[in-house]
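There are 2 protein chains.
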Amino acid sequence: MTTKEFITANKDRFLSELFDWLRIPSVSADSKHKQDVRKAAEFLKEKFTAAGVDNVEINETKGHPIVYAEKLIDPSLPTVLVYGHYDVQPPDPLNLWDTPPFEPVIRNEKIYARGACDDKGQVYMHVKAFEAMMKLNLLPCNIKFMVEGEEEVGSDNLGDFVKANKAKLKSDVILISDTALISLEHPSITTGLRGLSYMEVEVTGPNRDLHSGVYGGAVANPINVLCNMIDSLHDKDGKVTIPGFYDKVAELTAAERTDLNKAPFSLDDYKKELGIDEIKGEKGYTTLERTGVRPTLDVNGIWGGYTGEGAKTVLPSKASAKISMRLVPNQVSAEITELFTNHFKAIAPPYVKVKVMAHHGGEPAVTPTNSDAYRAASKAFEEVFGKSPIPTRDGGSIPIVALFKKELGLDTVLMGFGLDTDALHSPNEHYGVNNFLVGIETIVAFYKHYAKK
Amino acid sequence: MTTKEFITANKDRFLSELFDWLRIPSVSADSKHKQDVRKAAEFLKEKFTAAGVDNVEINETKGHPIVYAEKLIDPSLPTVLVYGHYDVQPPDPLNLWDTPPFEPVIRNEKIYARGACDDKGQVYMHVKAFEAMMKLNLLPCNIKFMVEGEEEVGSDNLGDFVKANKAKLKSDVILISDTALISLEHPSITTGLRGLSYMEVEVTGPNRDLHSGVYGGAVANPINVLCNMIDSLHDKDGKVTIPGFYDKVAELTAAERTDLNKAPFSLDDYKKELGIDEIKGEKGYTTLERTGVRPTLDVNGIWGGYTGEGAKTVLPSKASAKISMRLVPNQVSAEITELFTNHFKAIAPPYVKVKVMAHHGGEPAVTPTNSDAYRAASKAFEEVFGKSPIPTRDGGSIPIVALFKKELGLDTVLMGFGLDTDALHSPNEHYGVNNFLVGIETIVAFYKHYAKK
Numbered sequence: 001m002t003t004k005e006f007i008t009a010n011k012d013r014f015l016s017e018l019f020d021w022l023r024i025p026s027v028s029a030d031s032k033h034k035q036d037v038r039k040a041a042e043f044l045k046e047k048f049t050a051a052g053v054d055n056v057e058i059n060e061t062k063g064h065p066i067v068y069a070e071k072l073i074d075p076s077l078p079t080v081l082v083y084g085h086y087d088v089q090p091p092d093p094l095n096l097w098d099t100p101p102f103e104p105v106i107r108n109e110k111i112y113a114r115g116a117c118d119d120k121g122q123v124y125m126h127v128k129a130f131e132a133m134m135k136l137n138l139l140p141c142n143i144k145f146m147v148e149g150e151e152e153v154g155s156d157n158l159g160d161f162v163k164a165n166k167a168k169l170k171s172d173v174i175l176i177s178d179t180a181l182i183s184l185e186h187p188s189i190t191t192g193l194r195g196l197s198y199m200e201v202e203v204t205g206p207n208r209d210l211h212s213g214v215y216g217g218a219v220a221n222p223i224n225v226l227c228n229m230i231d232s233l234h235d236k237d238g239k240v241t242i243p244g245f246y247d248k249v250a251e252l253t254a255a256e257r258t259d260l261n262k263a264p265f266s267l268d269d270y271k272k273e274l275g276i277d278e279i280k281g282e283k284g285y286t287t288l289e290r291t292g293v294r295p296t297l298d299v300n301g302i303w304g305g306y307t308g309e310g311a312k313t314v315l316p317s318k319a320s321a322k323i324s325m326r327l328v329p330n331q332v333s334a335e336i337t338e339l340f341t342n343h344f345k346a347i348a349p350p351y352v353k354v355k356v357m358a359h360h361g362g363e364p365a366v367t368p369t370n371s372d373a374y375r376a377a378s379k380a381f382e383e384v385f386g387k388s389p390i391p392t393r394d395g396g397s398i399p400i401v402a403l404f405k406k407e408l409g410l411d412t413v414l415m416g417f418g419l420d421t422d423a424l425h426s427p428n429e430h431y432g433v434n435n436f437l438v439g440i441e442t443i444v445a446f447y448k449h450y451a452k453k
Numbered sequence: 001m002t003t004k005e006f007i008t009a010n011k012d013r014f015l016s017e018l019f020d021w022l023r024i025p026s027v028s029a030d031s032k033h034k035q036d037v038r039k040a041a042e043f044l045k046e047k048f049t050a051a052g053v054d055n056v057e058i059n060e061t062k063g064h065p066i067v068y069a070e071k072l073i074d075p076s077l078p079t080v081l082v083y084g085h086y087d088v089q090p091p092d093p094l095n096l097w098d099t100p101p102f103e104p105v106i107r108n109e110k111i112y113a114r115g116a117c118d119d120k121g122q123v124y125m126h127v128k129a130f131e132a133m134m135k136l137n138l139l140p141c142n143i144k145f146m147v148e149g150e151e152e153v154g155s156d157n158l159g160d161f162v163k164a165n166k167a168k169l170k171s172d173v174i175l176i177s178d179t180a181l182i183s184l185e186h187p188s189i190t191t192g193l194r195g196l197s198y199m200e201v202e203v204t205g206p207n208r209d210l211h212s213g214v215y216g217g218a219v220a221n222p223i224n225v226l227c228n229m230i231d232s233l234h235d236k237d238g239k240v241t242i243p244g245f246y247d248k249v250a251e252l253t254a255a256e257r258t259d260l261n262k263a264p265f266s267l268d269d270y271k272k273e274l275g276i277d278e279i280k281g282e283k284g285y286t287t288l289e290r291t292g293v294r295p296t297l298d299v300n301g302i303w304g305g306y307t308g309e310g311a312k313t314v315l316p317s318k319a320s321a322k323i324s325m326r327l328v329p330n331q332v333s334a335e336i337t338e339l340f341t342n343h344f345k346a347i348a349p350p351y352v353k354v355k356v357m358a359h360h361g362g363e364p365a366v367t368p369t370n371s372d373a374y375r376a377a378s379k380a381f382e383e384v385f386g387k388s389p390i391p392t393r394d395g396g397s398i399p400i401v402a403l404f405k406k407e408l409g410l411d412t413v414l415m416g417f418g419l420d421t422d423a424l425h426s427p428n429e430h431y432g433v434n435n436f437l438v439g440i441e442t443i444v445a446f447y448k449h450y451a452k453k
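Quick mapping for you: the protein sequence lines, in order, are chains A and B. Position 39 of the first sequence, counting from 1, maps to 39 under UniProt numbering, and the rest follow consecutively. Position 124 of the second sequence, counting from 1, maps to 124 under UniProt numbering, and the rest follow consecutively.
Hint data in this document are derived by calculation from the structure and do not stem from the laboratory. A hint or two may mislead.
Each pair may be met inside one copy or between any two copies, as identical chains are not told apart.
Straight-line distance between alpha carbons at most 25 Å, and here's what the computed BS3-like set of lysine-lysine pairs gives [to be verified]: (1) 62 x 452; (2) 406 x 163; (3) 453 x 170; (4) 345 x 236; (5) 271 x 283.
Make the full structure from the sequences, and use the hints.
As structure tokens, this is what we get:
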């Protein structure tokens, strides 16, 4: 029986298991889901056991637990460490979901649910690829799995776990499926990831909410002030104005820019798919460059004053915003966080007080394209897709990649099977059933080629 | 028995009745309180009946009902029409209240509750002043009462009611207690009120929330765009940039400005009481001018993206704000609403779509200081406070004043007993027990002097 035949024969069971996992609302950002996050970890532990690992543990942390499993067949064979995460983003705004985020359904051959792609669906491909290799006696090397529950909130406790378990985690390469393909017709491997600094700011004017009639015009309105401060963070060319922000940004060579822009991309399709008439970004760069190799600053949330039904004539005491910056090599998250903090305090006018708080950060990373593991991944894609994959830069962040390099000295292969249009972090997140199945097949092929190195 | 003796003898009952009324959460802006608003109207009807009116009605409207009551003792005597409102502002943010907004308590001789001053407390002074005049046989003229339940949401249905009931409402003057004194040591009568245009805007970028890593930097973020648009509504001198905004503003003469600035005012006390280091406002005007005679624009609320606990890396589809403008003579609310709408649409960049919606408006008003009624009010203050009142301009809006002039041809006397520090529309709204009692006494004195005209 071939891998493909095995996958086809077990397709329905694979999907129904994944659906059971997707039904657990493992929202790591929301403390009221703490028990659900644990349930999701225990579910995964069961499935690893059923698939035939030697050993599986739920490791406690200061936050959510880390699931570790391993199958060690021969110390002389190479060892692959698979990383993923079982926590998911908050589902709100709930009213924009066509079907409830934690009641997975298939529509037009896509699985709709929070976490369908990011990252439960992609992690589960590895669990099932492992099961397939065990059942078909195809496992050609040692495998270790480390799946965390805090990726969506900054992997705060993973660093400590990695540092404390270097021997246990000793491997030859890291394999991660938490990125996207250009399309099923254009396979790709992500070779660069952006870092992140995530901030929260609070601007306080008067010591209480005021009547906007009695005080309006005479007292600074913290919402107006916050809007002014946020607006000042970009110049007219779309560049971030924080002093020093670009100092360490690695500029691409003309050749690298040409390669990067070789990836198939249609601006018209892009605008059409997003429902926008025009794009906006840093002057002098293409869309692929803006998301792939340039740092950015976005307001992720803003709130202040009266936001309920109807009208309230209030001049509020406070206004707040969540602001995050995507970083590129060689920016350092902690440094950018400090630059932002100092700048935001420096531009605060005398009639308000500001508080700046850092949520979480992560370092940007670039993965090599000349390693055995990258070549094995490339061959696996060629075998399954009939096309060699295009190397791409991904705008998202997987801080763990830089951490692995630093703490374990290991390079990562980012073999993701999602699509940019899968609505990650958005209402109606989905994952193609075919992406899921083809992913399993490609992962099995990766091990075959990697063991032959 | 003197009026003062009667008030003192009945103080506890007056307060406990007012507390019962304040316990009814008559929040007109929030549809879930619809029945509470009606309960507050029925409570008032009972009290009018008990105080001895000839006739009291609850008049239905498309929105919340209008309570009308009258005591007609002699057609040859003058008739006073008392206006007020029994609806209140929403109480949020609830967490900032020291005691629950609808559980009135007295602390340091102040009544703490939503509506304590605005406007239940001030309306109830009129009910009890009427009761006192009835019990003490002091009623010197005819009285009509019209108390609405939609003042805090724009009095949408009062205009129709007034137009449909001109005969019933026929009177000689309007008396309203919904404004503030400079202080109990410095009695004042409000002679000018600002108008209002209250808008809501929505800025839409992409057709769904996006992952800020995958799309950040390449697609316009509607929150950043909204901040930029809001910021552009003021210039560096604090002037509103909407074309035509100031065209109809009546500039004061040097003499009028001098008079206006005679009112006792300490900038240090003002800043200290608000907990701010600096004030901010339109260049070239004093604080009393900025709140009294200059139009303003304030953001009353803003929201968009992820505002929950923790961090979510979303590039949101939409961002919204509630924006209101205070108007002065001779600006016209409908015209300013149109100027704002056209301008906000005109400045929208091509990469977003904007919606602009008008909540409610009201016209600015100036009341005469040379009328019999104003003189009677002035004498009443002198009699009770031992000082003649200072005419002031109030930053707030009571659109009904302009409506009365237009539809009934009647001038208004604004005999308010609140203080600017009463935290109207804010957490911990309060009203001085003494303001309440002195108000009743002054109102009774007003009728005496007005009847003598």
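| task | Of all the hints given earlier, name the ones this structure violates by number, lowest first. | result | Violated hint (a single one): 1; every other hint is consistent with the structure.
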